[in-house]
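Enquirer: These are the residues of each chain, in order.
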Amino acid sequence: MNIFKISTKNLLRNKLTTFLNVILVAFGVGILSILFLASTQIGNKLESNSKDIDLVVGAKGSPLQLILSSIYHIDFPTGNIPAKDAYELMQNPMVKRAVPLALGDNYNGFRIAGTDSSFVGLYGLKLASGSFWNKDLEVTIGSSVARESKLKIGDTFFGAHGLNDSSDEHKQHAYIVKGILVPQGNVTDNLVLTNIGSVYKMHEPSGEEEHHEAPESKEISNKEITSILIQYRSPMSVVLFPRMVNQSTNMQAASPAMESARLFSLIGVGIDTLKWFAILIMAISALSVFISLYNSMKEKKYDLAVMRCLGGSKVKIFFLVMLEGLLITFAGAILGLIIGHTALQIIGLYQESSQARLTGIYFVGEEIYLLIAGLCIGIVAAIIPALQTYRVDIAKTLSK
Amino acid sequence: MIKVESLNHRYNNGPILHFPDWTIGDNEQWLLLGSSGSGKSTLLNCISGLLKPTQGNIVLNGTDLYSLSSKAMDRFRGQHIGIVFQKPHLIQSLNISENIEIACSFAGLPVIKSKIFSLLESLGLDGKAKKYPSELSQGQLQRVSVARALINHPTLLIADEPTSSLDDKNAENVMDMLITQAKENSASLVIATHDTRIRNRVEREYLL
Numbered sequence: 001m002n003i004f005k006i007s008t009k010n011l012l013r014n015k016l017t018t019f020l021n022v023i024l025v026a027f028g029v030g031i032l033s034i035l036f037l038a039s040t041q042i043g044n045k046l047e048s049n050s051k052d053i054d055l056v057v058g059a060k061g062s063p064l065q066l067i068l069s070s071i072y073h074i075d076f077p078t079g080n081i082p083a084k085d086a087y088e089l090m091q092n093p094m095v096k097r098a099v100p101l102a103l104g105d106n107y108n109g110f111r112i113a114g115t116d117s118s119f120v121g122l123y124g125l126k127l128a129s130g131s132f133w134n135k136d137l138e139v140t141i142g143s144s145v146a147r148e149s150k151l152k153i154g155d156t157f158f159g160a161h162g163l164n165d166s167s168d169e170h171k172q173h174a175y176i177v178k179g180i181l182v183p184q185g186n187v188t189d190n191l192v193l194t195n196i197g198s199v200y201k202m203h204e205p206s207g208e209e210e211h212h213e214a215p216e217s218k219e220i221s222n223k224e225i226t227s228i229l230i231q232y233r234s235p236m237s238v239v240l241f242p243r244m245v246n247q248s249t250n251m252q253a254a255s256p257a258m259e260s261a262r263l264f265s266l267i268g269v270g271i272d273t274l275k276w277f278a279i280l281i282m283a284i285s286a287l288s289v290f291i292s293l294y295n296s297m298k299e300k301k302y303d304l305a306v307m308r309c310l311g312g313s314k315v316k317i318f319f320l321v322m323l324e325g326l327l328i329t330f331a332g333a334i335l336g337l338i339i340g341h342t343a344l345q346i347i348g349l350y351q352e353s354s355q356a357r358l359t360g361i362y363f364v365g366e367e368i369y370l371l372i373a374g375l376c377i378g379i380v381a382a383i384i385p386a387l388q389t390y391r392v393d394i395a396k397t398l399s400k
Numbered sequence: 001m002i003k004v005e006s007l008n009h010r011y012n013n014g015p016i017l018h019f020p021d022w023t024i025g026d027n028e029q030w031l032l033l034g035s036s037g038s039g040k041s042t043l044l045n046c047i048s049g050l051l052k053p054t055q056g057n058i059v060l061n062g063t064d065l066y067s068l069s070s071k072a073m074d075r076f077r078g079q080h081i082g083i084v085f086q087k088p089h090l091i092q093s094l095n096i097s098e099n100i101e102i103a104c105s106f107a108g109l110p111v112i113k114s115k116i117f118s119l120l121e122s123l124g125l126d127g128k129a130k131k132y133p134s135e136l137s138q139g140q141l142q143r144v145s146v147a148r149a150l151i152n153h154p155t156l157l158i159a160d161e162p163t164s165s166l167d168d169k170n171a172e173n174v175m176d177m178l179i180t181q182a183k184e185n186s187a188s189l190v191i192a193t194h195d196t197r198i199r200n201r202v203e204r205e206y207l208l
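Sequence order for the protein chains is R and D. When we follow the UniProt record's numbering, the leftmost residue of the first sequence carries the number 1, and every step to the right adds one. When we follow the UniProt record's numbering, the leftmost residue of the second sequence carries the number 1, and every step to the right adds one.
A portion of the hints provided could be inaccurate.
[Claimed, not checked] Estimated spans, in silico, between C-beta atoms of each pair: (1) R:ASN2 <-> D:SER186: 27 to 33 angstroms; (2) R:LYS275 <-> D:THR54: 38 to 44 angstroms; (3) D:SER122 <-> R:LEU280: 55 to 61 angstroms; (4) R:ILE284 <-> D:GLU135: 34 to 40 angstroms; (5) R:ILE284 <-> D:THR180: 27 to 33 angstroms; (6) D:SER122 <-> R:ALA283: 49 to 55 angstroms; (7) R:GLY268 <-> D:LYS130: 53 to 59 angstroms; (8) D:HIS194 <-> R:TYR390: 32 to 38 angstroms; (9) D:GLY37 <-> R:LEU12: 38 to 44 angstroms; (10) D:GLY14 <-> R:LEU280: 47 to 53 angstroms.
Hint data in this document are derived by calculation from the structure and do not stem from the laboratory. Ideal placement from N, C-alpha and C gives every residue a C-beta, glycine not left out.
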């Protein structure tokens with residue numbers, strides 16, 4: 001029988017105290033784990049979705065809202081901009097790539113984005129089956145859209161007005177699925193992509209239908225679009241181009257990098273508060289483990305004296321007590337990680353926005369630090385009770 | 001053979017306790033008698049390596065106990081000396097079998113389950129191996145503590161007031177058991193007591 005088994009049996013004898021201590025550690029680690037996983041996922045999503053996009057140009061309003069609606073597809077657009085002005089801007093020599101976006105409809109909560117073939121190049125989209133949209137009302141859908149809506153190649157569906165609500169359907173025109181994308185790991189998994197002409201067609205009054213054959217034709221100069229995603233030709237444009245847009249046009253230029261940083265600083269206050277709350281819980285759990293081990297030493301001093309009497313060395317008995325503290329906090333840390341991942345998975349299931357959905361089936365190497373923190377708490381909490389074992393007078397204790 | 005030579009001990013500023021030299025031969029059985037405060041428990045603790053005497057030597061089978069390091073002393077005690085206390089002092093979180101197993105483990109000896117079960121059987125505790133201390137009577141618990149003391153076949157079996165908290169019948173049983181088991185295990189036996197009920201059970205006496 002080794003000291004691990006004896007420690008485990010000692011802990012199981014006081015099930016309630018052990019359980020409460022484990023739960024306390026687990027809550028602290030769980031909250032930190034959720035914060036860790038969520039902020040990493042949000043950071044990664046922000047990064048992967050805005051990769052290669054230097055600037056977003058849209059209607060005046062909140063720049064953050066413009067970024068959120070045009071890149072992350074989680075907010076309402078600030079409004080529309082004249083297509084003529086937008087296409088003029090897209091021809092600017094400072095622009096390497098410009099992707100127009102026309103938003104406004106959804107299918108079962110998945111946003112329908114009218115765009116052109118440059119969108120495919122921007123995100124490096126690849127097809128799992130079928131082809132990219134070519135004509136009006138043809139769509140290529142993201143992998144999550146296909147999976148959750150159970151749409152297949154050749155299926156038709158009606159888009160609905162608005163970005164979330166499915167009640168106001170455009171019954172006059174049905175979209176047809178021409179292709180399904182491979183999972184991209186970014187916002188495009190949740191988008192229904194079509195040409196801009198299709199979006200216009202949906203919003204034309206009945207009987208005034210126009211023919212939109214070529215998606216990249218510039219026959220839409222009298223129309224409006226939502227925004228343009230811009231990639232600069234050279235880093236020099238970072239300063240000049242946004243200033244030019246903001247000062248000489250009726251449009252607004254917003255930098256994804258700056259707005260993402262601003263968003264993080266806004267939510268960072270909440271994250272920091274929760275972090276300190278979790279650290280406080282972990283400190284309380286350390287104190288609780290310490291108190292219960294310290295108190296248990298009073299009733300266990302006979303057991304420890306007997307073990308010494310039977311040949312157990314001081315060092316062995318010291319590690320026996322240390323092990324009890326470590327087992328509690330290690331079990332708490334493991335349970336905390338399980339709680340963290342499970343809670344995040346449940347949060348993800350109930351998130352309204354599918355574009356920024358969090359998942360618990362996600363692991364980061366840094367989680368090992370939470371386990372190490374759990375073990376450190378165990379060591380700190382157990383060291384004083386364990387050192388007490390050195391002071392046990394065996395003869396005196398056992399003669400009582 | 002155990003030799004107690006020129007032994008004395010002093011607790012803090014208390015009086016010095018002097019112990020006459022004593023030689024305990026192999027397989028001999030002794031009663032250690034004396035009134036309360038005469039130093040019976042002190043002498044037993046010194047002999048069992050639990051209390052370092054102020055002066056003097058304890059030599060067990062040629063090994064001077066107090067020349068050993070703390071760790072070696074613990075190991076030596078576990079392997080060569082079995083101790084039965086006034087109270088059984090079993091570990092409540094372990095079952096009966098495990099309470100005996102730890103005596104082997106801490107002494108660095110292999111755990112042989114069949115040996116534990118046969119020892120329990122010989123002490124009338126068959127079927128109790130998986131029970132916990134809280135499920136056994138006082139007499140049964142004392143028998144378990146005897147089994148724990150004997151499991152490593154000690155050279156010396158020490159019992160400190162093993163019958164003082166037992167009724168006549170249980171006291172008789174425990175004495176029978178100690179004497180018989182010490183003989184069967186070829187161990188020398190020292191019983192410290194002031195219990196007059198057991199004075200006639202052992203031939204040799206060491207009086208303090």
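Enquirer: Which hints, by number, does the structure contradict?
Expert: Hint check: 2, 5 fail, others pass.
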